[in-house]
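K.L.:
Residue numbers (this note's numbering), protein chains in the order written: chain A, 869 to 1060; chain B, 175 to 318; chain C, 3 to 578.
Each statement offered as a hint is correct.
Distance condition first, Cα-Cα at most 20 Å in a straight line; then the derived SDA-like pairs of lysine to any residue:
hint	chain 1	residue 1	chain 2	residue 2
1	A	Lys-888	B	Tyr-256
2	A	Lys-962	A	Leu-973
3	B	Lys-298	A	Leu-914
4	C	Lys-518	C	Ala-534
5	B	Lys-278	A	Pro-917
6	A	Lys-888	B	Ala-259
7	B	Lys-278	C	Asp-331
8	B	Lys-298	A	Pro-917
9	C	Lys-444	C	Gly-517
10	A	Lys-1060	B	Glu-215
11	A	Lys-1060	B	Val-234
12	A	Lys-1060	B	Phe-230
13	C	Lys-518	C	Met-437
14	C	Lys-211	A	Ser-880
15	A	Lys-888	A	Gly-1029
16	A	Lys-978	B	Leu-201
Derived Cβ-Cβ restraints for the label pairs, each shown as a range:
hint	chain 1	residue 1	chain 2	residue 2	range
17	C	Ala-466	B	Thr-260	33 to 43 Å
18	A	Thr-993	C	Ile-141	25 to 35 Å
19	B	Glu-285	C	Phe-479	24 to 34 Å
20	A	Gly-989	C	Leu-29	49 to 59 Å
It should be emphasised that the hints constitute simulated quantities derived from the structure, not laboratory data.
Computed from a predicted model, the values in this text were never measured in an experiment.
Ideal Cβ placement from N, Cα and C applies to all residues, glycine included.
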Amino acid sequence: MSITRPIATTRSATGIPTGKLAVWWVVGSEIVIFGGLLASYVMHRLGHPEWAEYASHTNTWFGGLNTFVLLTSSLFAVLAHYAAEHGDGKKAAKWLLGTCAGGLLFLGIKAVEWTGEIQHGYTITANGFWHFYYTAAGLHALHVIAGCIIMLIIANDARKGKELHRVELIGIYWHFVDIVWIFLFPLLYIAK
Amino acid sequence: MAEHQEHADDHGQAFYVKIWAILLVLLILSILGPIVAPHAEFGFLKAWMITLMTAFGIAVVKAYLVAANFMHLNIEKRYISYLLATMLMLMLLFFAGVAPDVMKHEGQNWENVAAEAEVERALKAEGAAAAHGEHAGEHPSNEH
Amino acid sequence: MAEAGTADTHGADAHDAAHGHHAQSFLSKYIFSTDHKMIAMQYMFTGIVMALIGGYMSYAFRMQLAFPGESVPGYGVVSQGEYNSLVTNHGTIMIFWVAMPMLIAAFGNYLIPLMIGADDMVFPRINRLSYQIFLISAIILVVSFFVPGGGFGGAWTAYPPLSASAEYNLTPLGATFWLVAVALEFVAFLLGGINFITTLMNARAPGMKMHDIPMVLWMIVIASILFMASVGPLIAGAVMLFMDQVVGTGYFDPDRGGDPILWQHLFWFFGHPEVYVVLLPAMGIVAEIICTFARKKLFNYKLILYTAFATGIISFFVWAHHQFVAGIDPRMANVFTITTLIISVPIAEMLFLYIATLYGGSIRLTTPMLWALSFIAEFLIGGITGIFLGASGSDIYFHDTYFVLAHFHYTFFPIAIIGFFAGITYWFPKMFGRMMDEKLGKIHFWGTIIAFNFIFIPLFILGAAGQHRRIYNFQNFPDLAGMQDLRVIATSALLVMLVFQVIFLFNFAYSLFKGKPAGKNPWKANTLEWTADSPPPHGNWPELPNCYRGPYEYSVPGREDDYWPQDVPPDTAPAE
Ligand code: HEM
Ligand SMILES: [Cu+2]
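Input sequences plus hints: build the corresponding full structure.
P.N.:
Given below as structure tokens:
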């Protein structure tokens, strides 16, 4: 079924294109989701001195490496946006694929890291810290996966020069996912 | 779209790479923070304060850099920033309202006995494990 | 963007060409439609079905309370566990699957594009997705009754540890189904909310300024924003509770370093704003109706708008008034008492402004107007009893009694039921092109309203006498066993009320086919939806309208007509 866009979609009374406006609202609603989880974590962490010991078993190097990967993928995303803005759909698609590869690498590193931890007995049920550790990072990983899938769809369109404005939209979402990790990193890995 | 073109010109690719490089330097600083901190104490500046700054201070700076330059919040309409800031403020409000009950284990005429017992039990278990010289975490301290 | 340009210049033709063949199959017209009006209908009919299910549940458990242990006709004997499941799911359904879809999603989807002069929502496919997720969530909830162990029975607030562990709630599957259904419903409304907000922000007709937007749209959008800003922590909480149920974590288990009070905070941080999420759209519907049938300008549009914003903001500061006896710190209870008492001020102010709108108007007591007026009267009782509960001292006595129950039914019933009936009787001619029967409408109105008061006033009395909520059989408690008469009155009134709903359903079905044709603007109202055909075709208008003035220009001195539609260009230039 083909759907032509309603005229409503083309209007822009606020001066922000509708798609972008929607992405900002998505980001806003995600802030409170992660915010609620992390606020709960922080108050438990501060109320439970014994968690410091539990937390000391996370591996800062894994976390740091993953931060590096995500930051770099964010750079790719913004370069894709730059290419799309200049009308170069092919290049934008390439950068998006690079971003997505970053996301997959992130997930791969995560998988290795978690496997090791679970083998050492640090499972999600071990104690409160590990509950939050897996839940927060897992929720974040789901966002990475979702972002990757959407990005592939957009890259496919961009390659043909279609819907180039969407490159920026997925970029905004991706940077947001990156920012969440920027906070998860010190919360879960550095604060010991 | 025209308006974007303009902005993009003063944000060339090199600019984005520069921001990325700054982010990496900050990342390294935040990893080094806890390692260097114990040696950098002086006066009132304790190791934990340094760690706090290198960990969370730097996270805030990094988040700002990404939001402003990669998400282009700095050239977006103002009210988007207000929207996002409002969401963050709500989380502060949530924390302020909840922490007195959940973070604290006692207050006016009340005491969270279960939580206190759990803290005590876990700290004791950790102490015992440390005394045995073994790696406390190898046997996660939870038997439930 | 090239596409966009074409659409703008040849709006009408491009549209006809695109949708000319839309009368295809049943499936694409009714089930997989992306048309905002069809999606609104889908939400509405799903909501009505869920309301009937929820009503049936209340019938079963009220019969149990009035005639404990006896077999309920049409249900059978209500066991203890079933009683809990019925009460829990009645509450959950009425709030999440009736109030939200009817008031926000159905009216929001239907009215937003029509009232701002657009041809559709800005994201039609996301809109459809939102409904589909909503439908799945509704199905999961209904299915949860038939899984082994039965439906969840831990109250609509789902406090742990009861909700977190099957050891306590005895519904290992029911509890998880319930949780998943609620979480999916949230996702559906997040998607829908983003659509509402961006549509109102971006897709307004040329010339429609901020203060030309009909109040009901403002209210629906403010409600969507409130929902979006408050639901996040509860989604996080739902993930945590899900982990507790399924994976075996101990987020809310005090023996393992968790904290059950945290759930209560996560829940009510959302839960209180949620009551305003459903209240505001109902207030908006009432505003539209009052202006039309009093033939008067809304008294102080801007003040009402700012008051609604203020209420929204303050609603984030009151949540812990649901937890006064949960062991929260008394110093925090003081703070939340004060904020709760503060929030009753703007709500009262809005009601005053509505009453001021009526003053000096030429009032026509049509069915929608009766519903709108009864909303003000009945909600007032709900709001005033809230003050008793908001004061932490008296709440220690009232908490978890039937007084609380009567309080929130005096708020939710006007919102969800009266608000819906007001809206549907008012917009029915637009939706289906025919008038509803006024006589049947009035019989239905009086029957419902009188029965409603006979249900809940006895419950106020019982609650004030100390009757606790969530008790299966009061005969087991010597202190509560008396006053059975009041329980029987309440239950009988419920039966009467349910019977009167048949009149509505009949009126609805009858008018759908046999009603008198409505024409474009049967009520002589100003807002843009009344300039489209009834029912509006796909795309709403052949040529999208422009907007020249505010929505409430009724009885303007010096004009022949007592109304002045928003799309009529000014007679001569200088008036503005
Ligand atoms: C806007 C419409 C309102 C709605 C829909 C509403 C809804 C509710 C609901 C559902 C509860 C029950 C909580 C439970 O399960 O125990 C409740 C309780 C309460 N309401 Fe309202 N309410 C409204 C207005 C107000 C107002 C205006 C006030 C105060 C001025 C208020 C104060 C309270 C308090 C303090 C409680 C807690 C009582 C207790 O659990 O002991 N409400 N309300
Ligand atoms: Cu409340």
